[in-house]
Every structure is written in structure tokens, then in C-alpha cells.
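A.B. asks: For chain A, the structure is supplied; the task is to place chain B on it using the hints.
These protein sequences, in sequence, are chains A and B.
Our numbering applies: residue 1 is where the first sequence begins, and numbers increase by one.
Our numbering applies: residue 1 is where the second sequence begins, and numbers increase by one.
Calculated directly from the structure, the hints in this document are not laboratory data.
Just to be clear, a hint being listed does not mean it is correct.
[As the list claims (entries may be wrong)] EDC-like cross-link-like pairs, simulated, lysine to aspartate or glutamate; straight-line CA separation at most 20 Å:
#1 A:LYS56 / B:GLU125
#2 A:LYS56 / B:ASP232
#3 B:LYS193 / A:GLU136
#4 B:LYS193 / B:ASP181
#5 B:LYS195 / B:ASP232
#6 B:LYS144 / B:ASP321
#7 B:LYS177 / B:ASP251
#8 B:LYS105 / A:ASP32
#9 B:LYS63 / B:GLU86
#10 B:LYS160 / B:GLU349
#11 B:LYS238 / A:ASP60
#12 B:LYS342 / B:ASP76
#13 B:LYS302 / A:ASP35
#14 B:LYS128 / A:ASP32
#15 A:LYS223 / B:GLU385
#16 B:LYS128 / B:ASP371
#17 B:LYS376 / A:ASP32
#18 B:LYS376 / B:GLU226
#19 B:LYS105 / A:GLU232
#20 A:LYS223 / B:ASP191
#21 B:LYS302 / A:ASP32
#22 B:LYS195 / B:GLU236
#23 A:LYS223 / A:GLU51
#24 B:LYS94 / B:GLU77
#25 B:LYS305 / B:ASP130
#26 B:LYS275 / B:GLU73
#27 A:LYS223 / B:GLU389
#28 A:LYS56 / B:GLU389
#29 B:LYS63 / B:GLU81
#30 A:LYS223 / B:GLU248
#31 A:LYS223 / B:ASP232
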Amino acid sequence: MRMLAWPYVAWMGLFVIIPLVLVLLYSFTSGDIHDMTTWRFTLDNFARFNEPIYIKVMADSFLLAVASTLICLVLGYPVAMIIARADLRYRNLLLMFFLVPIWMNFLLRTYAWMSLLSPNGLINRLLLSVGLPKLEIMPGQGAVLLGMVYNFLPFMVLPIYSVLSKIDRHLLEAASDLGANRFLTFWKVIFPLSIPGVISGITMVFMPAVSTFVISALLGGGKTPLIGDLIEQQFMSDRNWHFGSSLSIILMAVILLSMAVMSRIDANQPVEGRRAA
Amino acid sequence: MKRQPEAAWKQLPNKRRIEGTGNPFPRKNRCKGTKKQFPMKSRIALFLMSLMLLASLSGCGAKVTLNVFNWGEYMDETLLEKFEKETGISVNYKTYDTNETLLAKMDAGGSSYDVVFPSDYAISEMIKKDMLLPLDFSRIPNYKYIDPQTKNLSYDPGNKYSVPYFWGTLGILYNKKMMKDPIDSWNVLWDPKYKGQIIMKKDVRDSMGVALKRLGYSMNSTSEAELRAAKDSLVEQKPLINGYYGDEIRDMIANGDAAMGVTYSGDPMDLYWDKSADFSYIGYVIPKEGTNVWYDAMVMPKSSKHPKEAAIFINFMLDPDNAFQNSETVGYTSPNTEALKKMREAYPEIFTMDAYWPSVEVLKKSEVYVDLGDVKTLYNQLWTEARVE
Numbered sequence: 001m002r003m004l005a006w007p008y009v010a011w012m013g014l015f016v017i018i019p020l021v022l023v024l025l026y027s028f029t030s031g032d033i034h035d036m037t038t039w040r041f042t043l044d045n046f047a048r049f050n051e052p053i054y055i056k057v058m059a060d061s062f063l064l065a066v067a068s069t070l071i072c073l074v075l076g077y078p079v080a081m082i083i084a085r086a087d088l089r090y091r092n093l094l095l096m097f098f099l100v101p102i103w104m105n106f107l108l109r110t111y112a113w114m115s116l117l118s119p120n121g122l123i124n125r126l127l128l129s130v131g132l133p134k135l136e137i138m139p140g141q142g143a144v145l146l147g148m149v150y151n152f153l154p155f156m157v158l159p160i161y162s163v164l165s166k167i168d169r170h171l172l173e174a175a176s177d178l179g180a181n182r183f184l185t186f187w188k189v190i191f192p193l194s195i196p197g198v199i200s201g202i203t204m205v206f207m208p209a210v211s212t213f214v215i216s217a218l219l220g221g222g223k224t225p226l227i228g229d230l231i232e233q234q235f236m237s238d239r240n241w242h243f244g245s246s247l248s249i250i251l252m253a254v255i256l257l258s259m260a261v262m263s264r265i266d267a268n269q270p271v272e273g274r275r276a277a
Numbered sequence: 001m002k003r004q005p006e007a008a009w010k011q012l013p014n015k016r017r018i019e020g021t022g023n024p025f026p027r028k029n030r031c032k033g034t035k036k037q038f039p040m041k042s043r044i045a046l047f048l049m050s051l052m053l054l055a056s057l058s059g060c061g062a063k064v065t066l067n068v069f070n071w072g073e074y075m076d077e078t079l080l081e082k083f084e085k086e087t088g089i090s091v092n093y094k095t096y097d098t099n100e101t102l103l104a105k106m107d108a109g110g111s112s113y114d115v116v117f118p119s120d121y122a123i124s125e126m127i128k129k130d131m132l133l134p135l136d137f138s139r140i141p142n143y144k145y146i147d148p149q150t151k152n153l154s155y156d157p158g159n160k161y162s163v164p165y166f167w168g169t170l171g172i173l174y175n176k177k178m179m180k181d182p183i184d185s186w187n188v189l190w191d192p193k194y195k196g197q198i199i200m201k202k203d204v205r206d207s208m209g210v211a212l213k214r215l216g217y218s219m220n221s222t223s224e225a226e227l228r229a230a231k232d233s234l235v236e237q238k239p240l241i242n243g244y245y246g247d248e249i250r251d252m253i254a255n256g257d258a259a260m261g262v263t264y265s266g267d268p269m270d271l272y273w274d275k276s277a278d279f280s281y282i283g284y285v286i287p288k289e290g291t292n293v294w295y296d297a298m299v300m301p302k303s304s305k306h307p308k309e310a311a312i313f314i315n316f317m318l319d320p321d322n323a324f325q326n327s328e329t330v331g332y333t334s335p336n337t338e339a340l341k342k343m344r345e346a347y348p349e350i351f352t353m354d355a356y357w358p359s360v361e362v363l364k365k366s367e368v369y370v371d372l373g374d375v376k377t378l379y380n381q382l383w384t385e386a387r388v389e
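With the rest of the complex left out, here is chain A (with noise of 0.2 Å):
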């Protein structure tokens, strides 16, 4: 069985160690990309990030991912919840319903959202045609927190899905013997037990909602540049993979603070849990 695992060790390997290893190389050295013999250590790329542009650029797009995660998960969790609870029969289709849009291109599905919202957009016409104001939302942040949680809602749904449908509906049962009412029960049962489904949407829609750059270039008129932008002007126009790569580093960095904050709420939970029963 052993055997088994040689693939994934070296896909992991090439993949994911290698270049993530690169990156932690070009992060701490100066010099020519292609020549590691002119590479000198140094921390100047770190130094350089203490720049109020760059902390601006990383707060904002610590903020968004933030709003936008908080977002879909007051959206999320009811919806989560319906289709936990619908017919079995049902189950399914609506879980497609959520799943379908995912199946088209991302960049695309972000292209329709600029048509829909544009000021001379389709939103707009139909708005003007009955009579209303105009929507000014696009190019902004409005339209950028939108396109985020539209693209990221699927990934808060489905882990709090995955959990909710798997409560034990004799537990559910047992409250209201207790004499729980249906309030009770939700706060001191099916939420505390769906935790885990709770932090693992969380996490997926933080991650790439904090390091996007397509939305925020699209929907956004890249009037307000996200760390993502940032860095991929680096790699792609301003060719200092040095100054990217301390970038990418330090939003690594970001991510692991927020998901240990996370892990620890995570652990705690349990023995909350058991306290409140």
C-alpha cells in the first residue's frame, strides 16, 4: 500500500514544495531571475512592503475578503439549511442548482457580471426603462464585494451542507423532548455541531476572496488594487519576481495567521459544546 503513495508524494514534491520553495528563495534575494549566482540575500523585499501603499493595499483586500466571507455566510447558512432540510428527492437538484454556475469559466462568469452591471448595462436599461435611477455600482467596491460573493457562495454552502445533513435528527428530537423550542435547538444543537462545516466555508471563501485580482480588475475598473493585482503586476508587467514573491509571502503569511485564529476557535468548540449540554 505504501507504493500507493510514491504519485502523490512526488506530484506534491514538483508542485507544490518546489515552487513554493522557489518563492521563498526569490523572496529573500536580489539579482537577476535567471542567473542565481548574482542572488544576494537580503530583506530589503520586506523592508520594502513597510510602504503605507502597500499596507493600504493589504488592508483593503483583508477588509473585502472579510466583508465577503461575512456575507456569504449569513447567505450561506440559511440556504445551507434549506436544502439540508428539503426532500430527499429534491436534494439533489437544488444542491445542482448551486453547483451548475461553477461549471462555467470563472473569468467569464466575471465578463457577464460587467455587462449585467455596467452604467449603460442590461441591469441599467431595464431599470431606466420602467422608470427608476440608475445603479452605480460598476466600476467599485459595491460591484467588487459582489462578484465575490457570487463566485465564493458555493463554497460556504456546500461543507455547511455536508454537515447539516449529516445531524443526527434524534438529537434534534431529544431537544425538543427537553423542551427546547425551535430557537433553542438551532442555537444549542445544530449550530454548535455544524462548526466545523461553518470553518471550513469560511476558509475556502477567505482564501481566494483575499487573493483574487480578476474581479477586482474587472468589476472593480482596478481604481482600487488588491494585494492579488499587486502581485500579479509584478510577475507580469513589472518583471521583479523578488518584490512578488516577499508579496506572496506575506499574504501566505496573512492566510495562516487567519486560519491558526481560526483552528483555535475550532478547538475550542467542542468543549463548549459539551459544557452548554
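C.D. replies: Using the frame of chain A, we list chain B on its own:
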């Protein structure tokens, strides 16, 4: 009760039953005694042998595949089929969106391109960094059709490495219905009257260049004070603009999402040729301060594995008929004198348009981008600051 196991077995879905028996085909679907099945191993061997046979057959023609990497929407792709038919050389055609992307891809290595189409300043950078192969003009006889005015330019003196492909300008694409006054200056992009109606180009050279030119400086300025002034004016302009976009600008202006945007001269020509709708409300102006005149040229990267065939391809693109067809489809101005003659016969009206045939006076005030060398870092940094602040 005794019969239950059998009944349960029968209720299993068909598939399961088949898997259970290890037989990929249910017996009844198989024709009796049709073929003698080869044992598995010899079947695999047969398959491999047929594959090898196929491979050797296609190897007979020694078919060369050229990797051609071009700007998006920058070639009449039916020409590629024609090229394959005429020469037997096939083409793997891919596209990019900015010179910086092309440079980044070539810089990253790992890919081998045979013909690419960088602009002037990118070509001089490639020459400086020794990234190009000198062209073998004995294989490119059609070079004689190239207009002498587009030869021997500063980015590649003597045209050792490059053959011009198209040239054009940077200007303002606008929607006549949404403009209150006629425009003739870059200043209109800073006019508060048009708040939210202005789109700038998401490109460091083009946006910094427009800001520099508006202030009366060179688009190739290397003076830090001038560059900082350009950056400040971009920051000052930011509340007025709709956004920074790339290829999307043409469609956004045509759609009425904004009144004007900075684009290349091919965009108005695209809309001019597009007969699917009436785009007569679209205008293009080259501001009186002058602008950037750019040349895109065909070059061969050092990594090319088929320089001979690449030269044949370049020669093919310079053939008067092909160059004419290409200019007709893509819309940009051809540097090929024979193709231009044909264009003038077929479409005399476009030679009165700024987008296809800019006036000599405005060209005199215009500049070709040069490679900035180390100042590029400052450009990039100021451009980032302008967008973040």
C-alpha cells in the same frame, strides 16, 4: 423465506451485478462466436504497435510546427490556414495582451516561440538583452515592399532583427452622442464636466505617457520631477475616471458605458469595419499635443527551434495580398506599400481618418517609446502609487 436471498440479488441494479461477475458485457449483448478475443497482453501490444505505426507515418513528412505568439485579435487567422496549405508548415497560434506579458513569458523561459510581435521599446529591450536572432533576409524577399519610412527606426537601426508588421497611434476613442464639445486635447481627460465618463488605459507606459504629454513633457521622460508631476496628475484625475481597463475599453465606449477612453488606433478601425451595427457615433482623435506612434514588428526569439520556417512565415505575412487581407481584417495601418496601394483603391475614405492615416503635422509632434532601462522601476512604482492613493 427461503427465496429471499435470490430475490434480493435480483433487485440489485444491473451495473452492480455486472461488476460482481467481472464480465464487462452482459452475456446477452454479446454476439455469439463473432471474434476470438486476444489475450489482454497481446491486445495492449497491438495497440502500442499501431500507435508507433501512426507516429512513424506522420514523421515521414517531418512536419514542422511553428509557435507564433501574437497580440489578441491581431491577425486574420484564415491566413494561418492558407500558410499551412501553401507550405505544409503548421502553426500553433497563441495570443497575449501587453508587451509586458510577452516579455514576462519570454523571460520566464520554458517556452520556445518562433515568431513574436513586440512593439518598438520592447524590441529594443530584447535586442539589448540579446534575446533575438538576426533575420536572414535572403529568405524574406518580400521585405522590399516595406515602406522606407517605417524602416531603420531607432528601436532597431538597420532592421537587423525586426520586420514591421503594423503601426498606429494612441488616441482618444469617444462617443459623439455623449460629448458636449469637440475634443482636440489630452486635457479633456481631466475635465470635471465628464466625471465618471473617462476610461484610462491599464498600462504603465500609456497612462504615464498621456499624463506626461499633457504636461508638455516627453513620453520617454526620465526626469524624476517630471515623472512625479505626471503621477500627481494621474492621482488628481482619479476621482474623474470610470476605471483603468485594457482591451475592454472599445466595447465599453461602443456600449455607452463611458464617453471616452484612451485606446490604440485599431479600436476605432475595428468598429468602423464592423457592419453588424451602425457605429458612426464613434470618433477617434489624436490630441494636438501629439501622441505615441508605435510600431509592432515580427521578430524571432533566440529560443526559436525553426528559424528557417519562421523566416518563411515572416515572408508569407509580407506578401502584398496577405498583408492587404490582414490589414483589412485587423484594421491597423500596414507598413507594406503594395498592401497600402490596394487599401487605397478599395477604401479611399479611410485615408482621411486619423485612426488609419494620421496627419503629418500630428506625427511630427509624436514620439516612439524607447526602452527606459533602469528608469522603468520608477515608472512602475509611480504607476502603482497613482492607482493606490
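A.B. asks: With reference to the structure, classify each hint as holding or not holding.
C.D. replies: Evaluation of the provided hints:
Proximity of A:LYS56 to B:GLU125 is assessed by CA-CA distance (about 33 Å); at most 20 Å being required, the pair is judged violated. In summary, the hint linking A:LYS56 to B:ASP232 is supported, as the alpha carbons are separated by about 18 Å, within the 20 Å threshold. For the proposed pair B:LYS193 and A:GLU136, the alpha carbon gap of about 18 Å is at most 20 Å, so the pair holds. With a C-alpha separation of about 11 Å, the suggested pairing of B:LYS193 with B:ASP181 holds against the 20 Å cut-off.
Straight-line distance between C-alpha atoms of B:LYS195 and B:ASP232 comes to about 18 Å, which keeps the hinted pair within the 20 Å bound. For the hint linking B:LYS144 to B:ASP321, the alpha-carbon distance of about 14 Å falls within 20 Å, and the restraint holds. A distance of roughly 16 Å separates the Cα atoms of B:LYS177 and B:ASP251; the hinted pair therefore holds under the 20 Å criterion. Taken as a hint, the B:LYS105 and A:ASP32 pair is honoured in the structure, with Cα atoms around 16 Å apart against an allowance of 20 Å.
With a CA separation close to 13 Å, the supplied pair B:LYS63 and B:GLU86 stays within the 20 Å bound. Distance check on the hinted pair: B:LYS160 and B:GLU349 sit about 35 Å apart at the alpha-carbon level, beyond 20 Å; violated. For the given pair, B:LYS238 sits about 17 Å from A:ASP60 by alpha-carbon distance, which is consistent with the 20 Å threshold. Pair hint B:LYS342 plus B:ASP76 holds up; C-alpha atoms about 17 Å apart against a cutoff of 20 Å.
Distance check on the hinted pair: B:LYS302 and A:ASP35 sit about 17 Å apart at the alpha-carbon level, within 20 Å; holds. Distance hint between B:LYS128 and A:ASP32 is fulfilled; the C-alpha atoms sit about 15 Å from each other, no more than 20 Å. Distance check on the hinted pair: A:LYS223 and B:GLU385 sit about 11 Å apart at the alpha-carbon level, within 20 Å; holds. Distance check on the hinted pair: B:LYS128 and B:ASP371 sit about 9 Å apart at the alpha-carbon level, within 20 Å; holds.
The hinted pair formed by B:LYS376 and A:ASP32 meets the criterion: a straight-line CA distance of about 16 Å does not exceed 20 Å. A threshold of 20 Å between alpha carbons decides the hint, and for B:LYS376 with B:GLU226 the separation of about 14 Å falls inside it, so the pair holds. Between B:LYS105 and A:GLU232 the alpha-carbon distance is near 13 Å, which keeps this suggested pair within the 20 Å criterion. About 18 Å separates the Cα atoms of A:LYS223 and B:ASP191, which keeps this hinted pair within 20 Å; it holds.
Simply put, B:LYS302 and A:ASP32 have alpha-carbon atoms about 19 Å apart, close enough for the 20 Å limit, and the pair holds. In summary, the hint linking B:LYS195 to B:GLU236 is supported, as the alpha carbons are separated by about 12 Å, within the 20 Å threshold. The suggested pairing of A:LYS223 with A:GLU51 holds, with an alpha-carbon distance near 19 Å, which does not exceed 20 Å. The straight-line distance between the Cα atoms of B:LYS94 and B:GLU77 is roughly 11 Å, inside the 20 Å bound, and the hint therefore holds.
For the given pair, B:LYS305 sits about 16 Å from B:ASP130 by alpha-carbon distance, which is consistent with the 20 Å threshold. For the hint pairing B:LYS275 with B:GLU73, the CA-to-CA distance comes to about 17 Å; that is within 20 Å, so the pair holds. For the given pair, A:LYS223 sits about 9 Å from B:GLU389 by alpha-carbon distance, which is consistent with the 20 Å threshold. Distance restraint check for A:LYS56 and B:GLU389: the Cα-Cα separation of roughly 9 Å lies within the 20 Å cut-off, and the hinted pair is therefore satisfied.
The suggested pairing of B:LYS63 with B:GLU81 holds, with an alpha-carbon distance near 15 Å, which does not exceed 20 Å. For the hint linking A:LYS223 to B:GLU248, the alpha-carbon distance of about 15 Å falls within 20 Å, and the restraint holds. Distance check on the hinted pair: A:LYS223 and B:ASP232 sit about 15 Å apart at the alpha-carbon level, within 20 Å; holds.
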